[in-house]
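Undergrad: Each chain, letter by letter, is given below.
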Amino acid sequence: MSAVSEYIGNIKDAVTSIFEGMAVTASHFMRKPYTVQYPDRMPVRVQDTLPFRYRGILEVDLEICTGCLACERACPIDCIVIVVDKDPQTRQMLLSQFDIDIAKCMYCGLCSEPCPTGSIHHTTEFEGADYSLESLIRRFVKDPVMAYKPKKGPETDPQIAPILFRGLNYLSEYQVSGEPKPIDAPAVAITRTVLPPLDVEVVAGDKHSKIHPGSNTTKLEITNDESSAATLAVASNAAERERITDAPQASYPLLAQHMNVQGSVVLQAIIGADGIIQDLHVLSGPAILSSAAQQAVRAVAQFDVEIPPRSATLHIHISHAPAGRKVRHFRRDR
Amino acid sequence: METLVQNLIASGAFGKNASPHMVAALVVFIMSAVVFLGVAFPFAGIVSWAERRVWARIQSRVGPNRVGPQGFLQWLADGVKHVCKEDIIPDESDAPLFKMAPYLVMLAFTLPWAVMPFSSSLILADLNVGILYMTSVTALTVVGVLMAGWASNDKWSLIGGIRSAAQIVSYEIPAGLSIFPVVLMTGTLSMQGIIRAQGWAPQHWFLFANPFTFVAANILYISALAEGNRTPFDLPEAESELVAGFATEYSGMRYLFFFMAEWGNLFIIGAIIATLFLGGWQFPHVTNNVIAMNILQAITFNVKVLFLVFVSMWIRATLPRVRIDQLMTLCWKYFVPISFVNMIGTAVWVAIWPDGTTIMGYIMLAAAIGLGAVFTQRVIYYLRRSRMEVYFNPTI
Numbered sequence: 001m002s003a004v005s006e007y008i009g010n011i012k013d014a015v016t017s018i019f020e021g022m023a024v025t026a027s028h029f030m031r032k033p034y035t036v037q038y039p040d041r042m043p044v045r046v047q048d049t050l051p052f053r054y055r056g057i058l059e060v061d062l063e064i065c066t067g068c069l070a071c072e073r074a075c076p077i078d079c080i081v082i083v084v085d086k087d088p089q090t091r092q093m094l095l096s097q098f099d100i101d102i103a104k105c106m107y108c109g110l111c112s113e114p115c116p117t118g119s120i121h122h123t124t125e126f127e128g129a130d131y132s133l134e135s136l137i138r139r140f141v142k143d144p145v146m147a148y149k150p151k152k153g154p155e156t157d158p159q160i161a162p163i164l165f166r167g168l169n170y171l172s173e174y175q176v177s178g179e180p181k182p183i184d185a186p187a188v189a190i191t192r193t194v195l196p197p198l199d200v201e202v203v204a205g206d207k208h209s210k211i212h213p214g215s216n217t218t219k220l221e222i223t224n225d226e227s228s229a230a231t232l233a234v235a236s237n238a239a240e241r242e243r244i245t246d247a248p249q250a251s252y253p254l255l256a257q258h259m260n261v262q263g264s265v266v267l268q269a270i271i272g273a274d275g276i277i278q279d280l281h282v283l284s285g286p287a288i289l290s291s292a293a294q295q296a297v298r299a300v301a302q303f304d305v306e307i308p309p310r311s312a313t314l315h316i317h318i319s320h321a322p323a324g325r326k327v328r329h330f331r332r333d334r
Numbered sequence: 335m336e337t338l339v340q341n342l343i344a345s346g347a348f349g350k351n352a353s354p355h356m357v358a359a360l361v362v363f364i365m366s367a368v369v370f371l372g373v374a375f376p377f378a379g380i381v382s383w384a385e386r387r388v389w390a391r392i393q394s395r396v397g398p399n400r401v402g403p404q405g406f407l408q409w410l411a412d413g414v415k416h417v418c419k420e421d422i423i424p425d426e427s428d429a430p431l432f433k434m435a436p437y438l439v440m441l442a443f444t445l446p447w448a449v450m451p452f453s454s455s456l457i458l459a460d461l462n463v464g465i466l467y468m469t470s471v472t473a474l475t476v477v478g479v480l481m482a483g484w485a486s487n488d489k490w491s492l493i494g495g496i497r498s499a500a501q502i503v504s505y506e507i508p509a510g511l512s513i514f515p516v517v518l519m520t521g522t523l524s525m526q527g528i529i530r531a532q533g534w535a536p537q538h539w540f541l542f543a544n545p546f547t548f549v550a551a552n553i554l555y556i557s558a559l560a561e562g563n564r565t566p567f568d569l570p571e572a573e574s575e576l577v578a579g580f581a582t583e584y585s586g587m588r589y590l591f592f593f594m595a596e597w598g599n600l601f602i603i604g605a606i607i608a609t610l611f612l613g614g615w616q617f618p619h620v621t622n623n624v625i626a627m628n629i630l631q632a633i634t635f636n637v638k639v640l641f642l643v644f645v646s647m648w649i650r651a652t653l654p655r656v657r658i659d660q661l662m663t664l665c666w667k668y669f670v671p672i673s674f675v676n677m678i679g680t681a682v683w684v685a686i687w688p689d690g691t692t693i694m695g696y697i698m699l700a701a702a703i704g705l706g707a708v709f710t711q712r713v714i715y716y717l718r719r720s721r722m723e724v725y726f727n728p729t730i
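Residue numbers (my numbering), protein chains in the order written: chain A, 1 to 334; chain B, 335 to 730.
No wet-lab data here; the hints were simulated from the structure. Hints may be right or wrong, so weigh each one.
Some chain B residues well away from chain A (every beta-carbon gap over 10 Å; in silico) [said to hold, decoys possible]: (1) Val373; (2) Asp425; (3) Leu461; (4) Thr652.
Now the stretches of chain B that chain A is said to cover, found in silico as 3 or more residues with beta-carbon under 8 Å [unchecked claim]: (5) 384-392; (6) 702-714; (7) 721-728.
Note that the Cβ used here is the ideal one computed from N, Cα and C, for glycine as well.
Let's have the full structure, built from the sequences with the hints guiding it.
TA: Here it is as structure tokens:
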């Protein structure tokens with residue numbers, strides 16, 4: 001008897017599992033492929049979607065290179081060769097050679113760290129394939145050029161100033177700000193309207209705040225675990241609206257949109273007494289969405305808040321709702 | 335056929351003393367060439383492309399989409415590449431057998447097209463033993479595969495060939511037994527006769543004639559997949575264990591022949607099922623124009639076959655490969671006994687209702703629609719759980 005029931009059970013298992021498996025694959029058949037068709041069928045170049053600090057192929061801005069050789073000394077594999085001469089007449093530093101062997105470079109970033117002006121820096125370019133090793137040596141000096149001499153005051157030369165600004169900005173990213181100790185963490189709920197396609201939804205605990213597109217109000221609710229919810233600031237006046245419109249609008253990352261990535265980013269924020277976010281870092285979430293989430297929070301989080309500085313955990317849900325295209329979206333069953 | 339030959343001789347195109355046999359042979363050659371070069375070989379190629387696109391979408395990929403519009407010419411590029419490659423014959427191999435094996439596999443793929451019932455008149459030869467001929471010539475594959483495995487003088491090839499032989503010989507039995515219910519109900523082995531015994535409406539198909547034929551159709555389809563060395567039964571060419579099985583030592587055009595036969599066999603598998611259980615080319619009589627009717631019938635037949643081909647791609651993307659003992663267990667412990675039950679059950683059914691029952695067709699059809707509804711509900715459930723947008727666009 002048990003043999004017969006086992007036999008029947010085997011048939012039942014086989015039929016039901018194949019039925020279920022076919023349903024799973026059929027549902028996958030109706031989804032959009034994740035494939036990004038690099039390099040030619042992309043809405044944007046991948047290089048443009050990479051972060052500012054991406055360690056791609058090295059580049060040198062000769063206009064602001066001081067010829068200090070700090071990078072050459074820092075390079076652990078000696079792929080940088082710099083020749084600096086002193087001009088006998090003018091007694092100025094003359095750069096006659098600045099070569100970087102990209103074939104040897106391991107993109108460690110140690111050369112750009114000691115650079116005083118941010119002259120040597122990584123780019124987001126990564127497509128370095130070539131036909132010979134010889135052509136992978138990047139020779140930045142064609143004719144000997146004068147090394148840059150830092151001025152006492154601010155740079156006045158209109159041609160050099162933006163390059164120097166960019167270089168120093170590149171360097172400043174290394175500066176680690178002193179991190180205030182997090183106070184007991186209350187949950188913060190922010191409801192705000194954003195321009196499509198970015199859709200920000202903030203979840204506090206089990207409370208979901210609904211976004212109403214079209215309204216221009218910004219609302220910050222800080223809920224303590226013990227006490228009841230208290231609305232601290234509601235800004236819906238004209239001035240506030242204007243400020244929000246002026247605030248840098250975060251846009252949906254193009255690569256993420258192309259890859260159909262959506263999800264939640266959890267951020268840890270330190271909100272100062274003036275209501276401005278002082279420090280913001282990512283706790284978890286898709287890396288590709290984190291910068292957009294940070295931008296979105298920074299764009300809204302300037303408030304008149306009568307509270308002491310405190311730390312808050314923000315859950316940002318980014319979903320993909322491009323304007324002008326009807327999206328058939330199945331909601332998760334609860 | 336005879337009138338065509340007589341008309342051709344009367345037209346004087348072959349001279350006054352033309353032999354009717356020679357003219358008939360010429361006509362057969364030309365028709366075969368048209369069928370193979372115009373239908374069978376391009377079909378095998380296009381299926382190879384379509385299959386890759388279907389898997390790709392199921393695996394959230396894109397698949398070949400660069401050669402031609404949506405990669406449609408990929409199969410042509412692959413074919414040309416294989417033809418241009420060097421044909422390597424290993425020194426230690428049995429050269430005559432090694433060379434002959436792909437042709438035998440190809441022969442087993444081309445012969446069934448002689449009885450392929452595309453429409454009520456578009457059939458090369460309506461043999462009175464059509465379905466028997468079909469199953470017997472497709473079984474020729476085993477000779478070619480075993481020959482390839484042996485002649486390669488390679489252990490992988492030999493194991494692949496022997497596996498294939500065991501598999502095909504085993505699955506011939508449930509496949510043959512699953513054809514019997516239909517033969518019992520119609521009393522004929524002719525392809526056209528079997529199709530004419532069914533109607534265009536689903537409730538008149540043999541698939542829904544009684545519960546036994548429904549099971550028989552499923553067993554026949556799975557057995558046919560096993561005979562065609564399709565996943566989940568592709569043990570003879572299990573790349574993770576046998577390199578490429580019986581095709582390990584082959585290269586160039588001979589290798590292409592094996593795989594063209596494998597993809598082309600999908601059409602034959604679909605055609606057998608469509609003929610026996612899905613009403614073949616049956617189409618409602620909408621016009622008295624014979625040519626128009628034939629075209630509609632051919633479209634109906636091809637749609638049914640292509641649906642079954644799609645299902646086999648879908649199965650290939652879903653199920654993992656079975657082990658050799660599981661393969662044999664499935665055949666001998668499950669399919670063979672169940673096939674016997676089907677055969678006896680159908681015999682009893684035919685004895686009770688010699689002309690069939692109309693009401694059973696409707697009941698079975700309703701049950702099948704219910705099953706389809708449950709399936710759709712499951713698909714929607716998985717789509718919802720994924721929280722992904724539905725994307726039906728086949729081009730990307």
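Undergrad: For each hint, tell me whether it holds in the structure or not.
TA: Each hint, compared with the structure:
no.: 1; hint: Val373; result: holds (27 Å)
no.: 2; hint: Asp425; result: holds (38 Å)
no.: 3; hint: Leu461; result: holds (35 Å)
no.: 4; hint: Thr652; result: violated (4 Å)
no.: 5; hint: 384-392; result: holds (count 4)
no.: 6; hint: 702-714; result: holds (count 4)
no.: 7; hint: 721-728; result: holds (count 6)
When held up to the earlier numbered hints, the structure conflicts with hint 4 and nothing else.
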